[in-house]
Every structure is written in C-alpha cells, then in structure tokens.
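So the protein lines, in turn, are chains U and C.
Residues in the first sequence are numbered from 1 upward in steps of one, following this note's numbering.
Residues in the second sequence are numbered from 1 upward in steps of one, following this note's numbering.
Hints in this document: simulated from the structure, not taken from any laboratory.
It is possible that part of the hints are untrue.
[As the list claims (entries may be wrong)] Restricting the straight-line Cα-Cα distance to at most 30 Å, the calculated cross-link-like pairs of lysine-lysine (DSSO-like) are: (1) U:K137 - C:K137; (2) U:K331 - C:K331; (3) U:K331 - C:K54; (4) U:K54 - C:K331; (5) C:K54 - U:K117; (6) U:K336 - U:K265.
2 protein chains.
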Amino acid sequence: LAIEDIHRFRDEFLDMHPYDQSELFEELNETERHLVYSYLSPEEMADVIEHIDKDRVGDVITEMNPTYAAEVLAEVATDDAVDILNDLDKDKVASYLTIMEEEAADEIKDLLHYEEKTAGSIMTTEFVVVTTEMNVKQAMRHLRQEAPDAETIYYIYVVDQDRKLVGVISLRDLIIADGAEIIEDLMSDRIVSVSVGDDQEQIAQMMRDYDFLALPVVDFQHHLLGIITVDDIMDVMEEEANDDYSKLAGVDVDAAELTSIQAAKNRLPWLIILMFLGLFTASIIGRFEATLDQVALLAIFLPLIAGMAGNTGTQALAVAVRGIATGEFQKQGLSKIVMRELTTGVIIGVTCGLSIWGIIYIWQGTLFLGFVVGLSIMTTLLVATVSGALVPLLMHYFKVDPAVASGPFITTINDIISVVIYFGLATMFMQFLI
Amino acid sequence: LAIEDIHRFRDEFLDMHPYDQSELFEELNETERHLVYSYLSPEEMADVIEHIDKDRVGDVITEMNPTYAAEVLAEVATDDAVDILNDLDKDKVASYLTIMEEEAADEIKDLLHYEEKTAGSIMTTEFVVVTTEMNVKQAMRHLRQEAPDAETIYYIYVVDQDRKLVGVISLRDLIIADGAEIIEDLMSDRIVSVSVGDDQEQIAQMMRDYDFLALPVVDFQHHLLGIITVDDIMDVMEEEANDDYSKLAGVDVDAAELTSIQAAKNRLPWLIILMFLGLFTASIIGRFEATLDQVALLAIFLPLIAGMAGNTGTQALAVAVRGIATGEFQKQGLSKIVMRELTTGVIIGVTCGLSIWGIIYIWQGTLFLGFVVGLSIMTTLLVATVSGALVPLLMHYFKVDPAVASGPFITTINDIISVVIYFGLATMFMQFLI
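Isolated chain U (complex conformation) (with noise of 0.2 Å):
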C-alpha cells in the first residue's frame, strides 16, 4: 500500500510545473516534507528547489539530511545554488562543498567570489559554446549533447582558441542554416556583452533595451565566462523595482508580513528614528516659542508648509531617482540637472506661493500673515526641489548605496528646514503680524 501510495504522488506530482510543485511544497508541514524528500530523487528536488520563495529555501536545506542536501544543490542552476549559499553559514556551506561531487563544486566555488548585484553573482556557467570552425551540422550535434544540461540553448557563443568570446549565433540561424556552412561565417561579430562586475540594475536595462533571451558576461580580456538568462533578469527588475519603492515608503514591501508582529517589526524601526528626527523638529519650533505665543495664528500653517515641503521634496527625489535607474540623468550631466531642478523650483516655488498669498488674504483678510506663508513656501519648496535632487545625485556620484527609507527621510529634513525658513521669516516680520 506504501509503494502504491508513493507511485501515486511521484505521477501527479511529477506531471505539474515545477513552480506548482514548488507553491504545494510551501504548504506542507515539516513530516510531510521529510517524506517529499524521501519519494523524490535530488534531480527532481533540484527544480521544486529552484522556485521555492528566496527567504525559505534556505531553511529547506538546512533540514535535509546534508548527504541529500548536497546532491540536491549540485543539480540546482548553478547560480540559483549560489544565491541559496550565500545565504547560508559558512560553515555549512563549506560541509556541503566538502560532500558534494567535485565538478559541481568547483563550479559553485568559482560563482561564490562575486560581489552580490554584479553579472558575476547572477550568472550562471551551464551555457552552449561553440568554436568557428564547426559546421552547422557539427554545431547542432553539439547543441543536442549539451541540451539537457544547459540553462538556455537559444542563443550559442562562438569562441576561439583562447575562449575569447568571438561571436554569437542563435538557435532560429542555425536551424534554418545550411547543415556544411560554417560556423565563422554564418555568426554574428556584433556581440553585446556585460563585463563581469557590471551592476545588475544596469544589465536588466540593456536586456529589456536589447530584447535579448540571454546576454554573455565577459571578464578583461573578452573570455567568456557564463551567461545571464531572461528568467534571472525578471527576478532581477521585481527586485530593483520593490526596493526602490521600499526606499521611498520607508518599509521593506518585500518582507514577509505574515503576522502583526514581523508587520510591526519591519515597521517600527524607521518610524522611531523618525520619530526623533520629529522631536527634534519639535525642539526647534520650541526655540520660536515667543512668536508662537505672540500669534498663535501662525501654528494653523504649519502642517501646510511642512507637508508642501515633504511632497516636493519626494517627488524631486523620485524623479532623480528613476532618471539615475534608466541612465537618463547620466546622459546630461550635473551642472545641467542642477540648473533645470533650480528652475523648476523657482517655478513651482513662485506658483503655489503667490496662490497662497493670494487665498490667505482673501480668506483671513491679513495682507502680512499671507506674505510670511506665501514667502516661506516659495523658500521651501525651492530647496525642497532642489535638495530632493540632489540627495540622489550626490549619493550615486560618490557610490553610496543610499539606505532604506530615502523618502520619509527626505520628507523629515525639509520639514526641518521648512520649519526654520516659516518661522525665521515671522519672527523677522513679526512686527507686521501683531
């Protein structure tokens, strides 16, 4: 009964999609994981593996037996093996290698020196290379051979002796090729290629530029050392793209949130440390508390000035932000950006100020009163504009990675600044206020 019971699972398991398997696994309980274990073979692990959610599948490694655990990372893509390890201790890691055969883990040991977020992390080893002198009919035997081992078989790289990356051929050509024709002369010289420590985001943009299913990753000297594959870069965009936007909502929208208590966890953090950034606000205004009490009629525009301030501080910010993503903003130079934002902000400073000016005397009926808002966020909004571009621009420039939250960050110092510039101006003009 057992053995039919097995039978059973192994035929309408094995029938569905890997990524299917993958969303079934993520439901069982640890019991019924073992026995998973235990009816599939490592290969057919291998691509439940491959799809389970990046913050878990290091734990389903962790409680298989290693023997197994080992023999299941050896058939993963090598670059998903190292992504997996990466996350893993290293000890753990090196006792894996240690039991693994030892072709597999030489091939991840090569993958595991890369910098996270370059070419060399996300690419992968197991690709097709041929060399120009074949003929096509050689080329196409080779191409079977390789087939069922390699991540994508639609493009071919054509190297010479050296393994130099000389020229690259897709599968549609050579299919419709002549089989005597040679290699040399039916591939294509005009190769795109991404050196291996080129920046992931950058990659993502030339591949959806290019429309390539795969792109070769070279190092110095033009040798070809694996490749990057569509499906990789997919993964790559979700991830730029859902760590942007954290940046800018100050919370990891990626984190798992399962409970209030991991939602509280990723939550509190940015808002304690803007909490005290808004306690120090708070002192600052404390520090103009004379012309508070003189007009207490200033504190109704506090809330307008600093959120006026906020939204166009983010909005400067995210602009700059995805002008840097896409290589816009490195196409037209500092001096250039600089000079456009000033001019924005003095344009939207002057427009919404004079509005306010002119609403405020309307509706309250004191000419003065107006002139301070009115003055106070043109200010602001000009520096707003301005430092919400330049925050981004200076970081990329001097290559820190800004941290999470640039948003409410933004948002917090022109408050700050916002706060300073509304009550400088009533305290110098406070003799016209009162």
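Fit chain C to the supplied structure of chain U, relying on the hints for placement.
Just chain C now, kept in the frame of chain U:
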C-alpha cells in the same frame, strides 16, 4: 558621391543592433530623419521603430510619407503596431489601415479591439503552430518556413482541427527528438495559458514565477489567439513598477522632464491639489484657535504628529499595494488582513505613543502634555495603519484603479485626521494642560 554616401550609411547603420539604430536615430534632426526614410526600406525602418521611445514613436510615424508609414507599420510586430496606433488620432489610424496591404491591416484591426493592459493588447499573432499528427521532421520543416516572421520559435504550440490549444513543445525538445516521432506523443499537455482579457500585471507575475519565454493567449473556448513574449513582459514590468512608484511619489516619474517647464508641469498639478487639502487642514486647526491661544506649546508637536501619521500610512499603503500586485494579499482574505493591520496598528501606536509620553515627560517635565501627545500618536498611528491598508484594498475590491498620487493623498488625509485627534484630545484635557 551621394550614392556612395547612401551605401556607406546603409553599411554602417544596418550593422548596428536595432536598439543602437534607434538611439542614433532619436538624435537626428527632421531633415536627417527624412533622409533616413529615403535610405531605408520599410522593413529596415520597422526594426528601428520597434525600439524608439514610446512617447516619440507617434510623431515619427506621423512625419513620414503616409504610404511609407503604412508599409513600415505593416512590417512592425503586430503588437507594437497596435501600441503605436492606439496613441494616434482615429482618422490617421483609419487612413494607414486603408493604405496598408489587407492581410497586415486585418491582423492589426483584430488586436485594436482589446482593452489596454489586457493580454489581448500585448499579445502578437506572429507565432508558430503545428498540429498533433505532424511528425518531428514535418514540424521542423514548417518551423524553418515560419521562423523569419515569427516573434519566437522557441515554443511551438500544438492545436487540434478547431484551432484549440492542446499542447506545447519547446524547440529544445524538438531538436533532441527523433525525426519520425509524432508531435502528439512528444508535446506536453500541461499547458499554462492566459485568457485574452487577463490583466497584464498578473501575466507578468505568472511569467516570472514559471520562467517562461512566452505564454499562449486563448479565448474562453480555449482557441489559440496569440502569444505574449518575455520581451513585452519586461516592458510591462517596467511600466507597472514605474506606475506604482509614481503613485507613491505623487509625480509621473516616466514623464519627459527635459526642461524645467516640463518638470513644473509634471509636478504642479498634484502639489496644487495637496495645497488645497493643506488649506483645509489649516482651517480645521483654525477652529481650535482658542485651544492654541491657551497652550501655544501644543503647536510644537504638530509636525511630529502629522509626520508620523503620514509615514505610517504610507508604509501600510506601500505594503498593501505590493501585496495586491504580487497576489499575496488575495491568498489571505480580507478579514485576516484587516485584523492583522489592526493589531499591527495597535503595536506600533502603543510603542511610539508610550515612548513619546516618556520622552516629553523627561524633556518638558509636564505629565499631561506628554499624555495628550502620546495618546494622539497612539490613536493616529492606529487609524493611519488601518486606513493606509484599507484604501488600496477597497479600491482593488471595487476594481477602481487608484489615480496617480495615492501616496501624498493618504499622507494628507492622515494629516487631517491626526490634527483633529490631537486638538480634540487637547481641548478635552485642557483643564490639565494649563
């Protein structure tokens, strides 16, 4: 000499990748562009057009001689042609379709019906289809014929006599297989397909999860209508990511901001709406003028409370928007999510509220001011958390596509709520504050 120039231009230009061609083309002035139209065949120009910036391609088509434009549009991949035509005036579209050869025009007309952002609007009809009874050799021969025009040849779809989708086979499996084998025995009948009305974001998520290079699009009777390829999905991912990001920032980050006039035009609309919301906040605070006059010190915590409420709301909003986009929230059910956000709001509110109370007591020495600020923070953070999550959830539930700028909108609404709570509590406890 002129003819030599043309030859030299063609040699160099056509040797570039279409994306590089388009980059170069976009830097030309009108006279130069017209020269390019006269040098390149419609087919060659189609490659350039497919890579030109979406915002500019309409102008480029319009400035061409209409017959040439129609020929170019006929050569462009059908889905791209539809994208271009969707942005043009209806009478222009009609005239291009009239000039165009009938077959191409019919294909485009079929796709023009589909609603934007659905599978139908991004699919292409240039795919390769074989029937179940063909053998591998026949299928390969058919494939070689279709290859030059097909958008992808790496998945071959299998249909029955009624053109219903019954299977799929990858080119990888096809080239490994023996020539005499029958397609029906080789194909996988575990087909993952999408419906023609499915949302593009959902499809992108699917393609990323399953690592497909293409997905078949079917109608409700499972007739094969078209395919969606991974390069189009990468554009969708970029578009959706920009869209979410723009909404959070309150500015279209994908709009051309090459001049400060363009930048101001892009940013001012939402700033002006938010200005009026800010004035509304001001008028609410104005109602508490008596309270403010009595305890001017209340004003110094105004930016802190409003800022914290805004940030908390934005966090909850961002988590909910991403949860909806990835499908994570749909799995969990509305009541579970609302309960979790409620508890999270309580945890966050109590933590921050108690901290603030303690800090203000130590700092200012007044127990009751701290109590009012702390209680306000506690209540507003709870409200902000729940409202931040509920607004996108309800919008999704009622299938309302949130307008641009949900981020600043939520922030400003929470500003108003926080001000009412703060001054309401202060007025209630006034006897203890003075």
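For this session: Tell me, in ascending order, the numbers of any earlier hints that this structure violates.
Result: 2 and 6
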